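Fit chain to chain and form the complex, with the hints in mind.
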Amino acid sequence: MAQTLKVNGKEVTVDVDPGTPLLWVLREKLGLLGTKFGCGQGLCGACTVHVNGTATRSCLLPVAAVSGEVTTIEGLSSDNSHPAQRAWIEADAPQCGYCQSGQVMACAALLKAKPNPTEADISAAMTNLCRCGTYGKIRKAVQIAVKINAKGEV
Amino acid sequence: MKTDQEKNNPVVLSRRSFVQSTAATVAGLVLGFHLPANPMRRSEAFAAEAEGKVSSEAKEAKLNTWLRIAPDGVITIYVARSEMGQGVFTSMSMIIAEELEADWSKIRVEPAPSGPEFNYTGQPFEITGGSMSIRTTWDILQRIGAIARHMLVAAAAQKWGVTPESCHAEQGFVVHKASGRKAGFGELTAAAAALPVDTIPKEPKLKTRAEYKLIGKPMKRLDTPAKVSGKPLFGIDVVVPDMVYAAVRHSPVFGGECSNFAELAKAMPAGTTLVKTTGAIIAVADSWWTAKTVIGGLEPKWTKGATTGQSSETIEKKLRTAASGKKNPVATKKGEPDKALATAKTKLEAEYSTPFLAHTPMEPLNCTAHVKPDGIEIWVGTQSHTLTKLLVSNATKVPQDKIVVHTTYLGGGFGRRAGSDEVMQAIVASKAVGKPVKLIWSREEDVQHDFYRPATLVKMKAGLGEDGLPVAITASIAGPSIMKRWTVFGGVGKDGIDMTTIEGLADLKYECPNQHIQAAIVDTGVPVGFWRSVGSSHNAFYVESFMDELAHAAKQDPYKFRRALLEKSHPRFVKVLDTVARMSKWETPPAEGRFRGIAIAESFGSIVGEVAEISVTADGRLTVHKVWVAVDCGRYVNPDTIVAQMEGGVVYGLSAALRGQITLRNGRVEQSNFHDASMLAPYEMPEVAVEIVDSGEAPGGVGEPGVPPIAPAVTNAIFAATGKRLRTLPISNHKLTGGKPT
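So the protein lines, in turn, are chains A and B. Residue 0 is where the first sequence starts when you use numbering that gives the first Met the number 0, and the numbers rise one by one after that. Residue 0 is where the second sequence starts when you use numbering that gives the first Met the number 0, and the numbers rise one by one after that.
Only chain B is shown next, with the shape it has when bound in the complex (with noise of 0.2 Å):
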C-alpha cells in the first residue's frame, strides 16, 4: 500500500532540524530530535507521558526519543514499527547500532509507545505496512546513530583533555589510540548528555559502506529467544488485573446487524453478559471459552446486509461486465493500441481472475481494552498504534491524548492487523462491563469476517508484430476498492482509479510501443482491505502469466522472451531474470518429469525473479519440488531477514496459488477454518533457494515481494508440464492431467 508516507519519501531529516540531548544523571544519555511544530502534532504531545515508558527528562524536552544509552552501557532503542514478523526489531536496530559503533551483545529492542516522540516521519499517523520500515526510516536510523557517537566521542574526548578527532569509537568503547585510554559508552552518558546543544552536529559524517560491519551480515533475530521460550509476547497473552473475556460473533452476511437482541440479552446465563456492536453481537464471561460457548448457543436473528442474496457467481458476473465496459477510466495509453491491435500479425485474448483471499495470522485477532472514567487504555498487535488511536478518537471522541496504546508483538500481519475492527468492539464490550475486556475472534470468525484481498477479473488483449515482439497490450480490471473504504491512506484517486487495483499492471516494464490500461471499481458489499503485497498480489498472475502465453504464441523461451523486452530500459530487471535462470539452470533441462515456470515483478521498490520446478502424476496431483528466487531489494540491511521474507512470501504466495479462495454462497463466506481456508503444510514446502542481487540502489521493500511471482511462476510451469493455462486462481479448482514433454 502507498500511504503519504511513502510518496513523501525519502523522509527530510532537515524538518528535524534541531537535535537536542538531555541532562541524565539517572536515566542515560536520551537522544531525540524535535518534532515539526505542527498543531495537529500539539495535541497528542503529552499521550507518551501516560504510558509511563518515557523518562521524565524526555517528556520536559518534548522529544521524539529513538535510543537511550543507560549508564551500565545498555542500550535500548525504541522501535515505532511493528515487529510481525519480519525482522524489523532486529533489522532497524542494526542500522543505529552501525552508526553507533555499538556492542551488539548490549542492543535492546522495545517497541516505542504510541507518542508523538516516537514518530519517524512526522504524518498523522504511521503504519507498518507497504514494506516501508527500513526504506522510511534508514537515513533518519543511521543519522541518530552517528549524532550518538559523535556525542560520546566528545565527551571522551573532553574527560580526557584530549581533540575528538584524536578519539574514535568502538564496540560500545571511545578509545585514545595515543594514549591507550579507552571508555565505555555507559561510563561516558552523563557527559555526554551534558553537552552544549550547539556542539552537536545536524549532519554527522556517516559510514561509508566499506566500513560497515553489521550492515548487509547475516544477523540473527533479537526476539529469537524470547519466541521458543513460551514468553507471554503477544496481544492475546495480555493480563490485565479484573480482566474479562469476550467472543464475537458477526453477522453471517456482511453488513447484516442483530435484530433479536433484548430478547438474546434478556436470557442470557448468570455472570453473563452481551453487547451489541455493529455488525455483531459480543458475549461476556468469566472466561474465553464460557464466553465463546455462550455465543455460539444463541440463535441470533439478522438483518439484511450488503452481500444478501449474492454469491461469487453474481459477483464474477459484476465484474466481468464492469471489466468489458468501454468507458472505464484509463490508468495507461500509450500510442494506438486499437490500430496497432488490429494490424497486428498474431492476436491474443484473454480474461484472467482471482478471488477474494483471507490473511488468516496465525494469532487470532484479539484486543484487551480498558474504558475507563478518563480515558481508554489498549493493548494490541497492531500494525499501526498510531491510527488505531487516530481511529478509536474519531469513533469514541475521546481526545488522543486520553488514549494509551500498548503495542506487542505480532502474532502474523499480513495486512490484516492495519484494521480496528477488534479494538472497536473490545472498547463497546469495556464500555458495557466497565471493567478491562480481553477479546479474542475464534478462527471462523476470523476467516468469515475478514477484510479480503479483493477479487479481481481482467480482459487482456496483445498483438504481436513479424518478429513476433508484441506490438500493443491492453488490459481493463474490474474488481472492488480498497482505498474507498481506507480513505485514510489517500482515498480513490481523482481519476476515478483505485491506485492498489493497478499495481504491477499500469506500469509494464516490458516494451511495447502501444498500451491501453483501465480499471474500474465494483462495489460487492465483500469488505476488502490490503493483503500481502497487495494489487500485486493478483497482477504479477494476469501480466506474468499473459506474458507466458506472448512467448509461446511468438515460439520463443519465457526467459529470453522477457529479457529481450527488458533489456533495453530494465537493466536491474535483467539482471533479476539472468540470476534466477542461472540459479535454476534454466537452459538445461529439467530431470524427466519435471517442468519450470518463470515470472518476475517488481513491487514495493524491489524487484523478485523465481522459477517453480513441479511435477503433475497422471492423475493430475501437483508438486511443487523446489523454488528459486533472486532478489535486487537495493541497499539492504540483514542478508538473512531478505531469506527468510522471501521464503515466507513464496510460501504464502503458494497457499493463495493452490487453494486460496473464499467464496460467497447466499451473501455468507462459505470457508471456515484451516480445513477449508488452509495454508501450505509442512510436508508440501518446497526447497526455497535464495539469491540477493546487491545492485547498491535505494532500499526497497521485502515483507511483499517476494509474494506476487510464484503464482505465475507454478502455473506457467503447470502449461510447460500439461499444455493447459490455468487463468484462474486457486489451482485447485481446475483438473490436471498428467504431464507431457513441452
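Bound conformation, chain A alone (with noise of 0.2 Å):
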C-alpha cells in the first residue's frame, strides 16, 4: 500500500504494508541506513529520530502512524556541522558506534528543545543504550554541545 512521508525534507512515496516499522521503512525502502536497529522493542533507542523535530524510536512507530516531517542523521547535516556531531568529534565519544547515531539524534532534539538544559534535562533527554560503556564521553559530548549550540563555536 502506498505510504506518503515527508523525510529530510523531501516527500517520498513508498509501497509498504502500512503496519511496517518506521525504521524499516526507512533502511530498506529508502536506503537511509544511518538509522539502526537494535533491539526491536524500543528499549535501546539505536532507532532514533526526530518527528517534528521529538525523538522517536522509530523501530515500533507504524510507518502509517506518522504524521509529520522524518529528519534522521542523514538529514542532520551532509557534512557532520550539526552542533551535536561537531560535538561528538570534539569529545570523540565513539567507540563501535552503532548506537551513536540514535544518540546524535537524542541529544539534537534535546538542544532544540531545551538549548540550556539542566543536567537533570540531559539525563532525561539521554536514556539510549550503549554496550561499549560510552556514556561517560556522551555526556561531555553533550555539554560541549549545548556550548557549540549557543556560541556556533566550542
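These are computed hints drawn from the structure, not numbers from a lab. Because the structure is a prediction, the values reported are computed rather than measured. Take every hint as true, because none was put in to throw you off.
Straight line, CA to CA, 25 Å or less: simulated DSS-like cross-link-like pairs of lysine-lysine:
| # | chain 1 | residue 1 | chain 2 | residue 2 |
| --- | --- | --- | --- | --- |
| 1 | B | Lys-219 | A | Lys-139 |
| 2 | A | Lys-139 | B | Lys-216 |
| 3 | A | Lys-146 | B | Lys-219 |
| 4 | A | Lys-9 | B | Lys-230 |
| 5 | B | Lys-574 | B | Lys-508 |
Right, here's the structure in full:
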C-alpha cells in the first residue's frame, strides 16, 4: 500500500504494508542506513529519529502512524556540521559507533527543545543504551554540544 | 582466549626475511613482505585478487601488503584486524605513521581484504580477540613504517645526488637540511618503488621511545567522523544489487530440529520462502520486516535437544557435583595443601558461582551472502575474516580461493563475532533462493541463541597461619568447556583441562606455599564461547572475593593484605595496587554512607586494579558512584584508547555483575531482550577515573582487562557496606539491606 512521508525535507512515497515500522521503511525502502536496528522493542534507542523535531524510536512506530516530518541522522547535516555531530567529534565519543546515530539524534532533539538544559534535562533526554560503555563521553559531548549550539563554537 | 598466535608471540619477523617493493607508476608505493613458504597458505594465495582491492603489482609480487603511499601523498594502511570499537584502526596506524614520519592528516585506514597478503602472523587464520592486536603486530608495524621511511629517504637522496645520511623524513616530507631541499612522500613513491631490492634494510633502525611523536600521545579516533555521520559502515548496512532479506528462528531448546518443516514450507505466503538449516528455520522475503513477521507467525514443531528437561537448577547441581569430585584434573599443585589446611589456625571454606552470560553487541548478528556458481561472496562484521573463510570452506566444500569475505565495521564484538553461525545461515538461504541474502537476527534470537560465557561453580578453601597470612589455598572449579567446541583454537589440553576455565585462577599471584587448583569439564548442552575477558570474567570474582574474605578473617585491610602477599614477587601488581589506592584515597575513610571495595587482576598481559565506591539505601538499593582504575598494560600506543577501553570494560563488567544472567527453564533461555537481558543504563553510569601505570614493559592487551576486577570490587564494597558476602552473581538476585559502617 502506498504511504507518503516527508523525510529529510523531501516528500517520498513507498509501497509497504502500513504496519511496517518506520525504521525498516527508512533502511530498506529509502536507503537511509544511518538509523539502526538494535532491539525492535523501543528499549535501546539505536533507531532514534526526529518526528516533527521530537526524538522518536522508529522501530515500533508503524509507518502509517507517522504524522509529520521525519528527520534522520542523514538529514541532520551533510557534513557533520550540526552542533551535536561537532561535539561528538570533539569528545571523540564513539567506540563501535553502532548506537551513536541514535545518541546524536537524541542530543539534537534536546538542543532544539531545551537549548540550556540542566543536568537533569540531559539525564531525561539521553536514555539510549550503549554496550561499549561510552556514557561518560556522551555526557561530555552533550555538554559541548550545548556550548556550540549557544555560541556557534566550542 | 589464547590461540596459537599468542603462544607464538612475539612474531618472528625473520621468517619474512625478504622485503620487496613494486614498480608502481600509478599505484604509488605498495609495501609488503613475502610470505613464508607454506603449502597451506599457497592454496589461498589468490583470494585477494578476486576482491579487487589489491593493486595488480602487489598481486604479481604475491606480497602481504601493509601500506600504500599514493602519488598525492595519501597513505592507506590496510589493517587486518577488525574494528569493533576497541580503536585498533587508529592505534595500529599510529605505529606505522610514527616510524614512517607520516603526516597524520594524510593517513587513511582500510579493512584488509581476506587474502594471505594481509596476514600478520603467518598462521592459517587470524582473529581479533584475546586483546592481542597491538601485542602481536607492534613489531611488524614499526618495521614496515621504518622500511618505507628508509626507502623514501633513499629515493630523495638519489634524486638530489646526496647521501641518504644527510637527509631525514619529517611529517610527510624528506628533507635535506644542508641545502634546504624538501620533497613530499607522494612525489617520491615512483623512485622509492624502483629502488633495487637489495638496498632495502631488513632490520631498519627504529626510533627510540624518546623520539616518539605519536606513540604514547592521546590521538583521536580516525573513524569518529564517519560514525557520527550515519554512513553505512556496518554489516547490517550492506546493500547488494538484487538482494533479499532473511529472518531466522531457532529451536527454543538447544540442539532441537524443526520436525514439521515440509508442512510449514508449503503454506508460506506468496513471495516468501522457508529454508531449513541446523537447529533453525529461515524465512526469506523482499523485506526483513516481512520475513520476520512471517516467521513469527509460523507454528514450528521442534524435536528434543541437548537441553531438553534441563534448567538452571539442574545445571547448578551438575556443576556442584563435578566441583566436589576428588579426582578432577589438577592445574596447579604446590606444597602439601591438605596437610597445611589441616593444621592451619583459621580455616575458610566457600562456594562461589556465576551464571551464563550473553554478549548482546548493539548490532544484531547479520550476514549478507551470495552463493554464485563459481564461489561464495560474504559481507560480515566478523572478528576473523580468515577463520570465517576457513569454516565456510570446511562446511560447504567450496575451496577457500573461491570464497571472498568483505569485513565491515563491527557494531560491537565482545567475542560474539568470533563465530560464524549467522554466516552459515546466510549461505544456506542464498543457496536456496539463488540470490544474495541479507540475514538478520532479531534481538530475541540473539539473547536466546548466543554461545554464552560459561556458567561455573568453584569450591574454595584456605588456611591462615598464626600471622594471618595464607598457608594453603585450594580451588576446584567446574564448568562447560569453550575449547571443546572451539577446537580450532587448540581444544582441551591433554591433561583434560580447558585453559579458559582456569585462566586467572590456576596462576595465583598471591604468595601461598601450598596450593591445589583443579578443574572439571561439565557438559550442559548450552553452547558456550569467548565472552569479553573469558575465564578471568569469573575467576577474578572468585579469587578477589575470596581474598577479601581472607583479609577480613585475618582482620587486615583488604588493600594491605593483598599488597603484603604480592610484595615479594610481583612489583608491577604492587605499583598498580598502590596507584589505585592513592587515586581512591583508600586510606582516608569515604563520606558517610559510602563504602569501597578493591580488586586486582591480570589478564591478557595487563594488570588492572579497581576500587568501587558504593552506597546501599535502607531498602537495599545499590548505587555504584565511582570507580577508580589503575592499569599497567606495558608500553602503550594511544592513551585515549586505553582510557576508553577501561571505561568500557567497567561498564561491561558492571552490567554483568549487577543484573547479567542467562537462565534456563525447560531447556530454554528465559531472557529475551534488553528488558530482562539488560545492560547498564546511562543513569547508572558511575564516574570512572583511569590512570595508566607506565611500566614500559612488553605491551599488554586493553580490550578485555578492564572487565574482571569490577565485579569483586563492587561485591567487596557491598560486604564493607552491609556485612553480606555475595558469592553468586548477579547482585540483583540478592536482597541487600541498609548499609552499616565497617
